[in-house]
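Protein chains in written order, with our numbering: chain H, 77 to 274; chain Y, 49 to 222.
Hints listed in this document are in silico derivations from the structure and should not be mistaken for laboratory results.
All of these numbers come straight from a predicted model, not from anything done at the bench.
From the three backbone atoms N, C-alpha and C, an ideal C-beta is built for every residue, glycine too.
Please note that a few of the clues may not be correct.
[Claimed, not checked] Pairs of lysine-lysine, DSS-like flavour, derived with a Cα cap of 30 Å: (1) 217(H) x 70(Y); (2) 203(Y) x 137(H); (3) 143(H) x 190(Y); (4) 190(Y) x 210(H); (5) 143(H) x 75(Y); (6) 70(Y) x 137(H); (7) 141(H) x 190(Y); (8) 248(H) x 260(H); (9) 65(Y) x 217(H).
[Said to hold, decoys possible] What follows is a set of in silico ranges between Cβ atoms, one per label pair, in the way DEER data are often shown: (10) 198(H) x 142(Y): 28 to 36 Å; (11) 147(Y) x 210(H): 32 to 40 Å; (12) 183(Y) x 95(H): 32 to 40 Å; (13) 185(Y) x 213(H): 31 to 39 Å; (14) 202(H) x 94(Y): 24 to 32 Å; (15) 210(H) x 157(Y): 34 to 42 Å; (16) 115(H) x 114(Y): 41 to 49 Å; (17) 181(H) x 179(Y): 40 to 48 Å; (18) 137(H) x 67(Y): 45 to 53 Å; (19) 227(H) x 94(Y): 48 to 56 Å; (20) 192(H) x 217(Y): 54 to 62 Å.
[Said to hold, decoys possible] To give an idea of the interface, some chain Y residues facing chain H are shown, with a C-beta separation under 8 Å as derived from the structure: (21) 107; (22) 119; (23) 130; (24) 132; (25) 141; (26) 207; (27) 208; (28) 220.
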Amino acid sequence: MPVQDKPKSLLPFLSSPKLLPDESEAEFQSGLQSLLSELDNPSPLAVALVSQLNESLWWIKRHTKDKELLLHEAMARLLSKAGSNWMPSGNSALSVALEHYLDGSAHKDEAALIEQALTDGNLTLSDLRVRAFKDAARHIKMVDDLIHRQHQTIRHLQRGIDSIDYKSRLIKRMDLELAALESKQSVKGVLSLDDKPS
Amino acid sequence: MTISHRRSLANRCNALKSTGPKSVSGKRASSQNSLKHGLNSVPGFESSSEYRALVELIAEEGFSAFACADIAAGLLNYRRVMDAYYDTYTSPEPVDEFLRDANVRASNPIFRELLSPSGSEPQDVREMAAFFASMQRQERRKGGPVSRRSADSHKLIRYQRNGIARLSRAVRQG
Numbered sequence: 077m078p079v080q081d082k083p084k085s086l087l088p089f090l091s092s093p094k095l096l097p098d099e100s101e102a103e104f105q106s107g108l109q110s111l112l113s114e115l116d117n118p119s120p121l122a123v124a125l126v127s128q129l130n131e132s133l134w135w136i137k138r139h140t141k142d143k144e145l146l147l148h149e150a151m152a153r154l155l156s157k158a159g160s161n162w163m164p165s166g167n168s169a170l171s172v173a174l175e176h177y178l179d180g181s182a183h184k185d186e187a188a189l190i191e192q193a194l195t196d197g198n199l200t201l202s203d204l205r206v207r208a209f210k211d212a213a214r215h216i217k218m219v220d221d222l223i224h225r226q227h228q229t230i231r232h233l234q235r236g237i238d239s240i241d242y243k244s245r246l247i248k249r250m251d252l253e254l255a256a257l258e259s260k261q262s263v264k265g266v267l268s269l270d271d272k273p274s
Numbered sequence: 049m050t051i052s053h054r055r056s057l058a059n060r061c062n063a064l065k066s067t068g069p070k071s072v073s074g075k076r077a078s079s080q081n082s083l084k085h086g087l088n089s090v091p092g093f094e095s096s097s098e099y100r101a102l103v104e105l106i107a108e109e110g111f112s113a114f115a116c117a118d119i120a121a122g123l124l125n126y127r128r129v130m131d132a133y134y135d136t137y138t139s140p141e142p143v144d145e146f147l148r149d150a151n152v153r154a155s156n157p158i159f160r161e162l163l164s165p166s167g168s169e170p171q172d173v174r175e176m177a178a179f180f181a182s183m184q185r186q187e188r189r190k191g192g193p194v195s196r197r198s199a200d201s202h203k204l205i206r207y208q209r210n211g212i213a214r215l216s217r218a219v220r221q222g
């Protein structure tokens with residue numbers, strides 16, 4: 077059953093996490109369901125917190141992908157600087173060609189363009205990657221900070237969920253103890269009534 | 049239609065002569081230019097129907113009235129931050145490809161031609177070229193779209209930290 081359909085859910089009153097156009101809603105929902113399945117009869121508040129936790133995990137995925145994209149961006153920039161591939165129309169064609177070249181889907185022309193640029197710059201692909209890493213270090217550090225922030229957020233949410241779980245168990249235990257005391261008291265009352273001389 | 053290099057440079061030179069908005073509506077519009085995400089404004093959750101519904105639902109879990117109010121406000125505030133985070137991430141400052149890739153040195157004759165009707169000296173042309181070169185350096189330092197969205201999102205870290213700390217505290221103390 078989808079989370080939104082559960083009775084007394086807090087989620088309809090909160091804005092839902094948005095996905096990027098190329099992301100899978102099914103994958104996002106299955107992550108949420110697997111997290112919820114780890115909780116034993118979660119309360120609506122716990123479900124709301126788990127939903128935020130799932131979003132944080134999703135952000136970690138996005139930012140991890142961004143780290144690789146940052147490297148590619150820097151590689152394209154270095155290639156256009158190093159070789160004779162400076163194009164008055166911009167180096168976006170080179171970026172696209174490099175992207176295809178790295179994921180192995182480059183056309184003949186694109187591969188030739190990249191190889192020519194590497195030769196012009198007297199570089200190998202691994203050299204280029206190392207230099208790009210150095211070049212993009214500032215931005216990669218920023219993405220690392222963003223990932224770290226999501227880890228911290230997850231830790232906070234985890235503590236919140238634990239405290240709700242502990243609270244509900246505590247309430248249950250106190251209810252049981254109270255019921256036990258009441259039953260003991262009532263037994264005592266019955267006994268003391270019985271002891272009264274008629 | 050692509051604007052020619054010459055036309056684009058002329059537009060930018062003319063834009064430098066602008067002294068800002070003159071009309072009342074123009075000034076009102078430009079006063080909102082620096083408004084990026086609105087997270088510095090004080091949210092008025094208490095009057096919203098979502099807030100009241102959340103408070104009622106949380107109260108059923110055995111939290112005190114104060115805790116319910118804190119948790120509901122914390123949740124709404126955290127969502128507000130995360131929505132702004134998403135918006136910032138998905139709409140970074142666009143890359144000015146013209147400025148990034150322009151060959152400033154090769155544009156000197158165009159600057160000269162553009163400035164000559166006003167009787168400009170070579171010094172003016174040099175200053176104009178230096179100005180464009182500095183703008184280009186700034187543009188290149190910002191990097192591509194991924195670098196920009198990372199840098200923009202990075203600015204919202206403190207709002208996230210405060211938002212989640214407030215929510216977590218409200219839940220644990222409730």
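Restraint status (C-alpha distance of residue 203(Y) to residue 137(H) at most 30 Å):
Answer holds: residue 203(Y) to residue 137(H) is near 19 Å, not above 30 Å.
Do residue 210(H) and residue 157(Y) keep their Cβ atoms within the hinted range of 34 to 42 Å?
Between residue 210(H) and residue 157(Y), where Cβ atoms are some 37 Å apart, the hint holds.
With chain H as the partner, please determine if residue 132(Y) meets the hint condition of a C-beta pair closer than 8 Å.
11 Å, violated
Starting from the range 32 to 40 Å, see whether the pair residue 147(Y) and residue 210(H) falls in it by beta-carbon distance.
25 Å, violated
Mind checking the alpha carbons of residue 248(H) and residue 260(H) for me, to see if they're no more than 30 Å apart?
18 Å, holds
What's the verdict on residue 141(H) and residue 190(Y), does the C-alpha distance respect the 30 Å limit or exceed it?
Within the cut-off at roughly 19 Å; holds.
Could you check the hint for me, namely that residue 181(H) and residue 179(Y) are 40 to 48 Å apart, CB to CB?
42 Å Cβ-Cβ, so the 40 to 48 Å window holds.
Hint says 45 to 53 Å; check whether the CB-CB distance for residue 137(H) and residue 67(Y) agrees.
Once the Cβ atoms are compared, 47 Å apart, the range 45 to 53 Å for residue 67(Y) and residue 137(H) holds.
Let's test the interface hint: is any C-beta of chain H closer than 8 Å to that of residue 220(Y)?
5 Å, holds
Can residue 141(Y) be said to touch chain H, with a Cβ gap under 8 Å?
Violated. Min distance 14 Å.
State, for the Cβ atoms of residue 115(H) and residue 114(Y), whether the hinted interval 41 to 49 Å holds or is violated.
This hint is violated: roughly 26 Å between Cβ atoms.
Confirm or reject the claim that residue 192(H) and residue 217(Y) have a C-beta distance inside 54 to 62 Å.
Holds, at about 58 Å.
In summary, the structure is inconsistent with hints 1, 5, 6, 9, 11, 13, 14, 16, 19, 21, 24, 25, 26 from the numbered list given earlier, while agreeing with the others.
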